[in-house]
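**Student:** The lines below spell out each chain.
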Amino acid sequence: MEAFRLLVFVVAASMTGWGSLARDSGFTFGVAVTSTATVWGLPGQVAAAELYAVGAPLLAIALASSMANLRFFPMSLSLLPLFRGDPASWRWRYVFVAMMSVNTWAVTLRNGPSLPIDQRGAYFTGLSVTCIAAGMIGTAAGYHLAGTLPFFVTVSLIFLNPIYFVFLFAGVRARNGVLALIIGAVLGPITHWLSPEWGLPFCGVIAGTMAFYLDRGMRGDDA
Amino acid sequence: MPEPHVLAMWGLLAVVSLATYVWRATGVVIAARIKPDGRLSQWFTCVAYGMLAGLISRIMLMPVGILAHTLLVDRLVALGCGFALFMLFRRAMPPGVVGAVGAFMVLAALRGYGIL
Chain H
1 MEAFRLLVFV VAASMTGWGS LARDSGFTFG VAVTSTATVW GLPGQVAAAE LYAVGAPLLA
61 IALASSMANL RFFPMSLSLL PLFRGDPASW RWRYVFVAMM SVNTWAVTLR NGPSLPIDQR
121 GAYFTGLSVT CIAAGMIGTA AGYHLAGTLP FFVTVSLIFL NPIYFVFLFA GVRARNGVLA
181 LIIGAVLGPI THWLSPEWGL PFCGVIAGTM AFYLDRGMRG DDA
Chain Y
1 MPEPHVLAMW GLLAVVSLAT YVWRATGVVI AARIKPDGRL SQWFTCVAYG MLAGLISRIM
61 LMPVGILAHT LLVDRLVALG CGFALFMLFR RAMPPGVVGA VGAFMVLAAL RGYGIL
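So the sequences go chain by chain: H and Y.
If you're matching positions, the first sequence starts at 1 in this note's numbering and goes up one per residue.
If you're matching positions, the second sequence starts at 1 in this note's numbering and goes up one per residue.
If you're looking for bench data, these hints aren't it; they were derived computationally from the structure.
These numbers come from a predicted model, not from an experiment.
Careful, some of the hints might be misleading.
Incomplete in silico selection of chain H near chain Y, CB under 7 Å [as the list claims (entries may be wrong)]:
id: 1; residue: Phe9
id: 2; residue: Val39
id: 3; residue: Gly44
id: 4; residue: Phe72
id: 5; residue: Arg84
id: 6; residue: Ala122
id: 7; residue: Tyr123
id: 8; residue: Ser156
id: 9; residue: Asn176
id: 10; residue: Leu194
id: 11; residue: Pro196
Chain H residues, not near chain Y, derived (Cβ > 10 Å throughout) [unchecked claim]:
id: 12; residue: Val54
id: 13; residue: His144
id: 14; residue: Ala146
Glycine included, each C-beta is placed from N, C-alpha and C at the ideal position.
So here's chain H without its partners, still in its complex pose:
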């Protein structure tokens, strides 16, 4: 329960940073708050706001923000098997993936398998709706607070999000997941330096494939 309170706080605080940025970029209040619910992926929202602020063409903005949120593709693929066996949940699969964030994905991936299959959909929905609501409140607060907070507070709110993910993933137990996280962490900055646009998908595929086969190889040795 304590972990959930922390999660809701982190989501709201991170989106406070987004609210300020959205205002500085010229977005209206309504667009800023709605984007948190409809895009629901901070890197894509940030890319859209920054490009909008410099007057980039629509197609360029759409492409850049879409690429920044590419991670949702493998995430949605790995989350859905949890709901596969329950027809009542499976029917909602296109809605579930719209509500998915890194937080709700990671938490559901960790806690979902131990829940009875007919409760997973409700668990995920409750968690996601709470996070989206917290995110919208955070965005609204950030939009109004823009420019009033001292730099060290704003920058710490932005820092909170990656730090939270670091410790969220420090709790991953599956060996192939741990390997993928370590290899990805080493590879990420290198592939980004080689290609800022395509670095991240390459990093994911290389790190994921290496981890997958390393884990299988180790399992072979154990047997």
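Assemble chain Y onto chain H, guided by the hints.
**Tutor:** The following block gives chain Y in isolation, referenced to the frame of chain H:
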């Protein structure tokens, strides 16, 4: 009637929302066609972890935007403080997160006021 540039902004939001949703929906289409506990599904989980780890490590080491105005050493010291507390409290997440962000905020404040 709202002003034209406000309408255009809502249009932009619709396009950007769809452009993100496409990835989520593609995942659904493919997930329905592969074995839930099969090797392919496990591989995709590994790819997702690899991508997220790469993203986070890139943000920590080579940030863009507002975080780029902070020092690498501050970010790493903060992360170190967080990990020390994380281990001290038997791998509990809240002390790790609070410790890291707290340390970072103190460092950023000290630098902001010219003390450090």
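**Student:** Confirm or reject each hint.
**Tutor:** For each hint, the structure was consulted:
Taken as an interface hint, Phe9/H does not check out: its beta carbon lies about 10 Å from the nearest beta carbon of chain Y, beyond 7 Å. At its closest, the beta carbon of Val39/H sits 5 Å from a beta carbon of chain Y; the interface hint therefore holds under the 7 Å criterion. The interface hint given for Gly44/H holds, since its Cβ lies 5 Å from the closest Cβ of chain Y, which is under the 7 Å cut-off. With 7 Å as the threshold, the beta carbon of Phe72/H comes within range of chain Y, its nearest partner Cβ sitting at about 4 Å, so the hint holds.
Taking 7 Å as the C-beta cut-off, the interface hint given for Arg84/H holds, the closest approach to chain Y being about 5 Å. With 7 Å as the threshold, the beta carbon of Ala122/H stays out of range of chain Y, its nearest partner Cβ sitting at about 19 Å, so the hint is violated. Proximity of Tyr123/H to chain Y is violated relative to the hint, the smallest CB-CB distance being about 18 Å (cut-off 7 Å). Using the Cβ-Cβ criterion of 7 Å, the hint placing Ser156/H at the interface with chain Y is satisfied: the shortest such distance is roughly 4 Å.
Residue-level restraint check for Asn176/H holds (minimum Cβ-Cβ distance to chain Y is 5 Å; threshold 7 Å). Among the interface hints, the one on Leu194/H is violated; its C-beta lies about 12 Å from the nearest C-beta in chain Y, farther than the 7 Å criterion. For Pro196/H, the interface hint is violated, since its Cβ never comes within 7 Å of a Cβ in chain Y; the closest pair sits about 9 Å apart. Consistency note on Val54/H: stated as away from chain Y, and its beta-carbon is indeed over 10 Å from all of that chain's, at 13 Å minimum.
Once the 10 Å rule is applied to beta carbons, His144/H is consistent with being away from chain Y; the minimum gap is 18 Å. The claim that Ala146/H lies off the interface holds: its Cβ sits roughly 12 Å from the closest Cβ of chain Y, which is beyond the 10 Å cut-off.
In this structure, the hints that do not hold are numbers 1, 6, 7, 10 and 11, in rising order.
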